[in-house]
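Q: In terms of mature numbering (1 follows the signal peptide of the UniProt record, and there is no 0), the sequence shown is residues -19 to -1, 1 to 466.
Worth flagging that the hints you see were computed from the coordinates, not collected in a lab.
Hints may be right or wrong, so weigh each one.
[Stated by the list, open to error] Cβ pair distances, simulated, as ranges:
no., residue 1, residue 2, range
1, Pro127, Trp317, 21 to 27 Å
2, Arg336, Trp443, 16 to 22 Å
3, Pro258, Ala(-11), 46 to 52 Å
4, Val266, Gly18, 44 to 50 Å
5, Gly308, Arg395, 43 to 49 Å
6, Leu174, Val27, 46 to 52 Å
7, Asp151, Pro424, 36 to 42 Å
8, Pro256, Ser30, 56 to 62 Å
9, Arg65, Asp111, 34 to 40 Å
10, Asp151, Gly73, 27 to 33 Å
11, Ala112, Thr283, 20 to 26 Å
Every residue, glycine too, gets a C-beta built ideally from N, C-alpha and C.
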Amino acid sequence: MRRPALGSALCASSGLLVAATAALGTSAATPPLGPRGLLPPWSLAVGPSSGLVTVLLALALLLGAGGLGLLVAALAEGWRPATRQVLAGGLGVVALLVLVPPLGSADHLSYAAYGRIAASGGDPYQVAPDAWRGGTDPVASAVRPPWRSTVSVYGPVATADHALAAALGDDVVRHIVLVLALSTALAVAAVGLLVARGGPGGVVLWLANPLVWWTLVAGAHVDALAVLPAVGAVLLLGRPQRWAPLAAGALAGVAGCVKLPYAVVLLALLWALRPRPRDAVAAAVGCVVVAATAYALVPDATARTGDASTLVSLASPWGPVAHALDGPLGFGTSRWVARVGAVVLALALLPVLRRLLPQDVHDHEGSSPVAEAAWAWLVLGTAYVLAAPYVLPWYDAIAWAPLAVLASRVPVARLRWTAALLLVHATVLALAYVPGRVEGLSPRVEDLTLGLRRDVAPWVAWALVLVLLLRPAAARWRSRRPAAG
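Model the full structure from these sequences, guided by the hints.
A: If you want it as structure tokens, here you go:
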């Protein structure tokens, strides 16, 4: 079987396997949504074991990673699939995943609760789900451990989306989750359609990407709502209208008001607009006006989104470091060390990532501010996912999205090493969080998933970082070998 055909088959198998696992019903991967009705998400009541869903999802991830790797290699060698066919396949999988319950985490139930609180006149940044209406609310009480006592840490635009879903779904958890899943799927699909204008490369890396299916669509994660305005902001730089930089900055502000890390998109815009100072100022003004307005309307969001920056996840490169320092330094100091170390590491990675990516990011029309902004966003986003003290599988969207935009502007052959880096990072991180929930795990599955998070994923991340940091020295050594001989 030819490489593209095999890669496509593996990717399709991955998407179908994820959907089939979700369709089995409540499990260690799929939280309960309450009584089933006529509307999706639809599922059976098989009640699969945690071991079975772990095997199915791990297999899906490995098949998908292998398939995507084959497709990227084929693109790098000159394969040019029909963009419409890739779009149709990707959109089909996205639509299928909306019809089954979200899985891989219980975050969507927290979104529903925050939306319910906001839509009912409460403040999700001050009131935790288990405290809303005495813990008897049918939506807020559906939140699963360990998040029942956690207030929202999402930006005001994300909370607005949650509130809209809650208003449309009323007091039926399943209906609210359907609206949330639809908004996520539509955002992912819209990004795919936007990058499709530049050819098939970006569509393959985004809409036909099983890791994007798994981390964003299957889990109905809010990150997709940040990606859409961020991509729109970058693409607006290609418009000739005088208002385009201002609008691009405004969209960057919207992205940052979904999740704060997406504020890096403004930096990417400013990098691309550096030859045009007036346009750069317009972009900055647009971003500041949107962000200031949003946070002025929801002032409590400022403190809560900042609280998220103090967390350290097990699978991040700083997980072992922070936990090793908890004893001698104390919890607070160890987290401070991790945060400072993450900033230093990210700054060290920036010049290395700059050299890894093509320096002359021009498309067939010559110098392209769109490509330059996507390039800068990719450098910043990749440094973030590699260095951040708190990372989860869906966080990698901040790097996949600019890679897809860039792949629609420059040959994929020039991006293959960055794609390989993200593929390894995203696959290992996703495997470390299978099946996804903290409930319903057998002792063996719990030991396995915690072992992957504590003892495998962090060290793979450090290995990737080490390879990147040593790459310039290795290149210099190779260049000197012939002279020495």
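Q: For this structure, which hints from the list above don't hold up?
A: 6 and 9
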